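Engineer: Those protein sequences? They're chains A and H, same order as listed. Number 151 in full-length UniProt numbering belongs to position 151 of the first sequence; there are no gaps in the numbering. Number 86 in full-length UniProt numbering belongs to position 86 of the second sequence; there are no gaps in the numbering.
Derived by calculation from the structure, the hints in this document are not laboratory data. Keep in mind the model is a prediction, meaning the values are calculated, not measured. All C-beta atoms in this analysis are idealised placements derived from N, C-alpha and C, irrespective of residue type, glycine included. Among the hints, erroneous ones may be present.
Claimed, not checked - In silico contact screen, one side only, chain H against chain A (beta carbon under 10 Å); selected entries:
#: 1; residue: G30
#: 2; residue: F59
#: 3; residue: E60
Said to hold, decoys possible - Pairs of lysine-lysine, DSS-like flavour, derived with a Cα cap of 27 Å:
#: 4; chain 1: A; residue 1: K112; chain 2: H; residue 2: K33
#: 5; chain 1: H; residue 1: K69; chain 2: H; residue 2: K20
#: 6; chain 1: A; residue 1: K35; chain 2: H; residue 2: K69
#: 7; chain 1: A; residue 1: K41; chain 2: A; residue 2: K112
#: 8; chain 1: H; residue 1: K24; chain 2: A; residue 2: K35
#: 9; chain 1: H; residue 1: K105; chain 2: H; residue 2: K33
#: 10; chain 1: A; residue 1: K145; chain 2: H; residue 2: K56
#: 11; chain 1: H; residue 1: K105; chain 2: H; residue 2: K24
#: 12; chain 1: H; residue 1: K33; chain 2: A; residue 2: K145
#: 13; chain 1: A; residue 1: K112; chain 2: H; residue 2: K11
#: 14; chain 1: H; residue 1: K33; chain 2: H; residue 2: K69
#: 15; chain 1: A; residue 1: K65; chain 2: A; residue 2: K41
To be verified - Estimated spans, in silico, between C-beta atoms of each pair:
#: 16; chain 1: A; residue 1: A60; chain 2: H; residue 2: L44; range: 21 to 31 Å
#: 17; chain 1: A; residue 1: S124; chain 2: H; residue 2: D55; range: 37 to 47 Å
#: 18; chain 1: A; residue 1: I69; chain 2: H; residue 2: G83; range: 15 to 25 Å
#: 19; chain 1: H; residue 1: L44; chain 2: A; residue 2: T83; range: 29 to 39 Å
#: 20; chain 1: H; residue 1: T37; chain 2: A; residue 2: G135; range: 43 to 53 Å
#: 21; chain 1: H; residue 1: K9; chain 2: A; residue 2: A109; range: 19 to 29 Å
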Amino acid sequence: MSINRRTVVKAIATGGALIGASVLMPKIAFAAWSKDAFQAKEQTAAMNALFDSATPEESAEVTLKAPDIAENGAVVPVTVVSTLSGVESMSIFIEGNPSPLAAEFIIPAGTKADVSTRVRMGKSTKVTAVVKANGKLYSAAKEVKVTIGGCGG
Amino acid sequence: MAKGILKVKAKSSGGNTSVKMMAKHVMESGQRKDAKTGELIPALFLQTLIVKLADKVVFEANLGPAVSKNPYFAFSFEGGASGDEMTMDWIESTGKTGTETAAIK
Chain A
1 MSINRRTVVK
11 AIATGGALIG
21 ASVLMPKIAF
31 AAWSKDAFQA
41 KEQTAAMNAL
51 FDSATPEESA
61 EVTLKAPDIA
71 ENGAVVPVTV
81 VSTLSGVESM
91 SIFIEGNPSP
101 LAAEFIIPAG
111 TKADVSTRVR
121 MGKSTKVTAV
131 VKANGKLYSA
141 AKEVKVTIGG
151 CGG
Chain H
1 MAKGILKVKA
11 KSSGGNTSVK
21 MMAKHVMESG
31 QRKDAKTGEL
41 IPALFLQTLI
51 VKLADKVVFE
61 ANLGPAVSKN
71 PYFAFSFEGG
81 ASGDEMTMDW
91 IESTGKTGTE
101 TAAIK
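Looking at chain A on its own, in the form it has when it is part of the complex:
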């Protein structure tokens, strides 16, 4: 297809409509659900998409609480706590899942860096918590054994 004036105008019009839609929904624009990061099939790719870096520094100031053995991979309780100051976000990566990024929590000032949730794990693998504080990345990881997978099958 050759790029003539008509297609260019059309492209601009569609693009404009998309931008318009996001302006109408500022909540969504603010939330910025990172499609690339959540759909990445590999942990490094997911980290790169989310943080532009895949090398968080292991830190004792990040605590990842998860069971050693999860009987049911569909419901694995995970808690991420950090004693770092200036925490901006906390994310949970599950290495062996089809899409490793499970959740990203944005921690505004005034909210404690202590979040619990429940995730699915397809198989026994490493769970990594990545905390972004003052623009830097810190992590803690833990191996979790799963007896029954939680991703269908």
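Fit chain H to the supplied structure of chain A, relying on the hints for placement.
Structural biologist: Chain H in isolation, oriented as in the chain A frame:
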């Protein structure tokens, strides 16, 4: 709009508010196959959850389908008093949105 998918327990004590919430949601991962047809069941999950107190965002979660069915979250923040109302906005992967409120105890 599906109504009231969130169950929220928020308690204020000593200037802090601790929140436990659970969303009633299937969180279909998009990995499961239909037992009859063998086709993949399309993903359907909560994508974003934003909790606000008096227009200030106190918690925000971006979720993937790896979050368990009926997602549960526990967090706490400074401020908030008994009787204050929190607003929760959620967005589903389909683009469907909802807003719910809950009072702090």
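Engineer: Take the hints in turn and mark each one as holding or not.
Structural biologist: Hints and how they fare:
1. G30: Holds, because the Cβ-Cβ distance from G30 (chain H) to chain A comes to roughly 8 Å (cut-off 10 Å).
2. F59: holds (6 Å)
3. E60: Result: holds, 4 Å to nearest chain A Cβ.
4. A:K112 x H:K33: violated (39 Å)
5. H:K69 x H:K20: Judged against 27 Å, a Cα distance of about 16 Å means the pair holds.
6. A:K35 x H:K69: Holds, at roughly 20 Å.
7. A:K41 x A:K112: Distance of about 30 Å is beyond 27 Å: violated.
8. H:K24 x A:K35: Holds - the C-alpha atoms of K35 (chain A) and K24 (chain H) are around 23 Å apart, at most 27 Å.
9. H:K105 x H:K33: violated (42 Å)
10. A:K145 x H:K56: Between K145 (chain A) and K56 (chain H) the Cα gap is close to 39 Å, so the pair fails against 27 Å, i.e. violated.
11. H:K105 x H:K24: Between K105 (chain H) and K24 (chain H) the Cα gap is close to 21 Å, so the pair holds against 27 Å.
12. H:K33 x A:K145: holds (24 Å)
13. A:K112 x H:K11: Answer holds: K112 (chain A) to K11 (chain H) is near 15 Å, not above 27 Å.
14. H:K33 x H:K69: Judged against 27 Å, a Cα distance of about 16 Å means the pair holds.
15. A:K65 x A:K41: Measuring from Cα to Cα gives roughly 24 Å; hence the hint holds.
16. A:A60 x H:L44: 21 to 31 Å: Given a distance of about 39 Å, which is not inside 21 to 31 Å, the answer is violated.
17. A:S124 x H:D55: 37 to 47 Å: Holds, since S124 (chain A) and D55 (chain H) (Cβ atoms, about 44 Å apart) stay within the stated range.
18. A:I69 x H:G83: 15 to 25 Å: For I69 (chain A) and G83 (chain H) the Cβ distance comes to about 43 Å; the hint is violated.
19. H:L44 x A:T83: 29 to 39 Å: holds (37 Å)
20. H:T37 x A:G135: 43 to 53 Å: Given about 48 Å between the Cβ atoms, the range holds.
21. H:K9 x A:A109: 19 to 29 Å: Since the Cβ atoms of K9 (chain H) and A109 (chain A) sit about 24 Å apart, the hinted range of 19 to 29 Å holds.
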